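We have chain P already, so just place chain D on it with the hints.
Protein chains: 2
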Amino acid sequence: LCGQGLFLVLRDFQGLTQIILPQDEAHSHVRKLLSNAPVESVVRVTGIVSSRPPGQENPKMPTGDIEVKVETAEILNSCKKLPFEIKDFIKKSEALRMQYRYLDLRSFQLQYNLRLRSQIVMRMREYLCNLHGFVDVETPTLFKRTPGGAKEFLVPSREAGKFYSLPQSPQQFKQLLMVGGVDRYFQVARCYRDEGSRPDRQPEFTQIDIEMSFVDQAGIQGLIEGLLQYSWPQERGAITTPFPSMTYEEALADYGTDKPDTRFGMKIVDISDILRRSDIQFVQNALSYPHGTVKAICIPQGVVSDEVMDVICRPDGSLKSLLTKLLGKEQQSELIRALNVQVDDVVLLAAGEHKRCSALGSLRLESADLLEAAGMTLRDPTAFHFLWVVDFPLFLPKEENPAELESAHHPFTAPHPVDTNLLYSDPTKVRSQHYDLVLNGNEIGGGSIRIHNAEQQRFVLEKVLKEDSEVLSHLLEALESGAPPHGGIALGLDRLISLIVGAPSIRDVIAFPKSFRGRDLMGNAPDYVTPEELEPYHIQVSWPVAETEAKKN
Amino acid sequence: LCGQGLFLVLRDFQGLTQIILPQDEAHSHVRKLLSNAPVESVVRVTGIVSSRPPGQENPKMPTGDIEVKVETAEILNSCKKLPFEIKDFIKKSEALRMQYRYLDLRSFQLQYNLRLRSQIVMRMREYLCNLHGFVDVETPTLFKRTPGGAKEFLVPSREAGKFYSLPQSPQQFKQLLMVGGVDRYFQVARCYRDEGSRPDRQPEFTQIDIEMSFVDQAGIQGLIEGLLQYSWPQERGAITTPFPSMTYEEALADYGTDKPDTRFGMKIVDISDILRRSDIQFVQNALSYPHGTVKAICIPQGVVSDEVMDVICRPDGSLKSLLTKLLGKEQQSELIRALNVQVDDVVLLAAGEHKRCSALGSLRLESADLLEAAGMTLRDPTAFHFLWVVDFPLFLPKEENPAELESAHHPFTAPHPVDTNLLYSDPTKVRSQHYDLVLNGNEIGGGSIRIHNAEQQRFVLEKVLKEDSEVLSHLLEALESGAPPHGGIALGLDRLISLIVGAPSIRDVIAFPKSFRGRDLMGNAPDYVTPEELEPYHIQVSWPVAETEAKKN
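Going down the list, the protein sequences come from chains P and D.
The numbers in the first sequence follow full-length UniProt numbering, run straight up by one, and end at 553.
The numbers in the second sequence follow full-length UniProt numbering, run straight up by one, and end at 553.
Warning: the hint list may mix true and false statements.
Note that the list lumps identical chains together, so a pair holds whenever it fits in one copy or between two copies.
Unchecked claim - List of simulated lysine to aspartate or glutamate pairs, EDC-like, C-alpha gap at most 16 Å:
no., residue 1, residue 2
1, 162, 535
2, 81, 480
3, 81, 40
4, 32, 74
5, 162, 532
6, 329, 279
7, 259, 249
8, 463, 40
9, 80, 455
10, 429, 404
11, 80, 477
12, 320, 71
13, 398, 467
14, 32, 71
15, 81, 477
16, 162, 527
17, 429, 316
18, 429, 372
Read the hints as simulated data drawn from the structure, not as lab findings.
Note that the structure is a prediction, hence the values are computed from the model and not measured.
Only chain P is shown next, with the shape it has when bound in the complex (with noise of 0.2 Å):
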């Protein structure tokens, strides 16, 4: 219920429709019953449904052409208090609107993202377990902690000391499933990461997670291509498989980073030969290191952001730059004709020894957003560029150590079929046969083919990544015991749906999300708890004020 006077605008899940209070003396206990309620409140109202008068009806509005004349009205629940107009509520602050999280429910936009959200995963179940004879399998989520899980958060059994752990992924578990003669399974599952305070990550979220038997990489390419596009919401428009498909190195190289915005040009170019036989001192010095380059992207426009800039195309066509001095002509010709400089264009460079150049990468985005905000149209709100990035390594240096290695992704990822005997020889040069998916930017998805070989997983575990291989006996003896070659993939459905509905946050898309320091503001969760409820546990609070004074003494 909203609004007062000669008119009432009723909400439901369809949306608003307009009430209209008979001014007539037999309407009068309807009439001022209606007009004192509340906004907000809940009623019910028969009464006889009508067209518009000519001229006011209201397009924007599905139920724009008709009204309603009141004949009876009940109401149900009056509404008592509210912390705040409804209508000033989008303007507040976020932490308030998730306090009083069931009003922010009613908005159009959150009711809308839910509905969709609902309405996509169902297509995606239909295509899945009606048209692809995928098996829903529900895991456990009370699990035990995985080697190096330190993101896990940890459950107190009633068994002293021992503890569930809520897992990153149901990884293992599909894995298994293939192992069990489950060849096709999709779950939609709730997944956990601890991860303290990071904006925009949730510590439960949800993932479209599935696993098939006899299956390659394009097997798996193919089945999320079909399942995108026949959950994709119509009004949306469609989206055109196959995706186009570019290895982690080409991402690298051409766009600083592994997930490329692919809405936009802007690649990142190596100029290190035309400048090579320049004498500018710093790109000599780039140039003379191991993996040493000069690498450039050329802003278009640029000039109208005067927050970044280098070198700057004149409109006679010749370059200002604190370089030109140093440049001859013809170098800067073959680098206007290398980059494809335009007038008022602005080329950003980086040398230095860098193999993934992700420097030039950041800068590419943020001059976008630059451009952007100065009112150019760089990538079209209403686009959807998916991407494959493919061609990982299997193995990446330790950032701690770098003499020791881990797993790109998981220790379960299979290697490249044509590296395989690098994995004895020189894994650092081994490629996975791990795929990405990229929307717009954003990582949406990632997967694999696994091991299905326990002597290379035992390889992989305890000759390459030295982890004690112990604790997940469990996973090896069930590669020896019949199990088929296998692959999956798993799609992060809150980013994915916040991207669909172009909410600027995964928040937007959740009923309930918490805050970004893992609190539910509405029912105050974590909470504390008695020391009696520990008990069962065994555990007790170390507390920080306590421990300094146990120092102290």
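Okay, now just chain D, sitting in the frame of chain P:
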């Protein structure tokens, strides 16, 4: 892969297929490869599908009419070791089967159970989402402890002393969704309950969780009847709706339980009036109490089981019992008439001060077990008897202190409209709008119309239950902000599926169940973690031994 010699049997998700090994020289390599492959290896075979020779068809197998003559074969993964012969597996202990769950999953029965479960849930989703406009909304599982939530697992957070709780159901969230205008909600919800060791309970389980606005008890019941009819597997025969209904009082009086198995008779009969005139001392004693009654059940052909007996009907129609000498002729006839006693029937009596008569209720079920063990068929294993049990009391006396009241179900249950005024005068007499769904004597669901009036909810919490309503302040505030009348239900999916497939335990319809001690025997969860891993959560283990030591000093 299974079998050797001239024939092999291949197993895939569609079942078993007979493979013929050609005995000619050209196929000697293939023959050798397949003959030497260990049982349960994964192989790829190409060949010619043909009808089996006349007389060699196997009508019991879906693939029993065909065989495949091998052309080529490839071992995709050789089975290195099995902890036991797969054929003997079913006879092994359940602990071993749970340790090697991935092998157990290959059995026909588990494949059938998991695949049927997936199909039934998919049909339920179609019914709710596509046919009835329900919105599938995911609710948080990291929430805060509910008042009296002693069975909730705790999850330590990174804030010292603060814990999340894994809730037993999304009860609060689904009501808040109604307040938020998501007027038809459903979720296949993971729920958690820490009950320590209890047979056939799982620490995590699944319920079909439903809530609707603007609905009454009949509305929810009709929805659920339609849901079950729509999703019921064809191979189990049709089910008839509407389901019969029985009040809580009737269920206790006639069956001695609130979840009667109505597949067979043997109802409890009150014979107080017949025996009131007898001289039997213990009967007179019992009848002198306020709720004193004498009740009986008649076990048809009860003499076939010699374990329980009391009053036996002789072939000449007279009764044989220790009591008969104390009963007059007329009383014996009345007893025979009232209980419709036939030759060889056994009558069990219970006298005492009882409202529930749960002793006779248990004896009724035990007698049925004994009779069936003796070869009689009382309960048709293919029959499905649904039953609504309604009009539960809203409050029950607390077991530890009968002067205080607790909610029979939960504090959000609405009082029966007829009894609303009693809430303020004599709450013990108030019936609720709670309803249970019973299938073959098992509670498979329960729900209620909820309180939508904040004042009434506050009265129940504070005045009747004497609870601190502060912890539920967000819910009370929500009821004041325009909450529609609403109600819902939750179906226990694991139990429902186990009854449909006729499994003895819910563990047989769960892919990776926990043992009755809450352990995962395959992955060995829960498990010890290091003190360093506990540090971010500000907790430490209170070792029982250390405690003992501490007390000594």
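Going through the hints against the structure:
no.	hint	result
1	162 <-> 535	both (14 Å within a copy, 15 Å between copies)
2	81 <-> 480	between (64 Å within a copy, 6 Å between copies)
3	81 <-> 40	within (9 Å within a copy, 67 Å between copies)
4	32 <-> 74	within (11 Å within a copy, 83 Å between copies)
5	162 <-> 532	between (18 Å within a copy, 14 Å between copies)
6	329 <-> 279	within (13 Å within a copy, 127 Å between copies)
7	259 <-> 249	within (12 Å within a copy, 64 Å between copies)
8	463 <-> 40	neither (65 Å within a copy, 28 Å between copies)
9	80 <-> 455	between (68 Å within a copy, 11 Å between copies)
10	429 <-> 404	within (14 Å within a copy, 72 Å between copies)
11	80 <-> 477	between (62 Å within a copy, 9 Å between copies)
12	320 <-> 71	neither (76 Å within a copy, 72 Å between copies)
13	398 <-> 467	within (13 Å within a copy, 54 Å between copies)
14	32 <-> 71	within (13 Å within a copy, 87 Å between copies)
15	81 <-> 477	between (61 Å within a copy, 8 Å between copies)
16	162 <-> 527	between (22 Å within a copy, 5 Å between copies)
17	429 <-> 316	neither (48 Å within a copy, 94 Å between copies)
18	429 <-> 372	neither (40 Å within a copy, 68 Å between copies)
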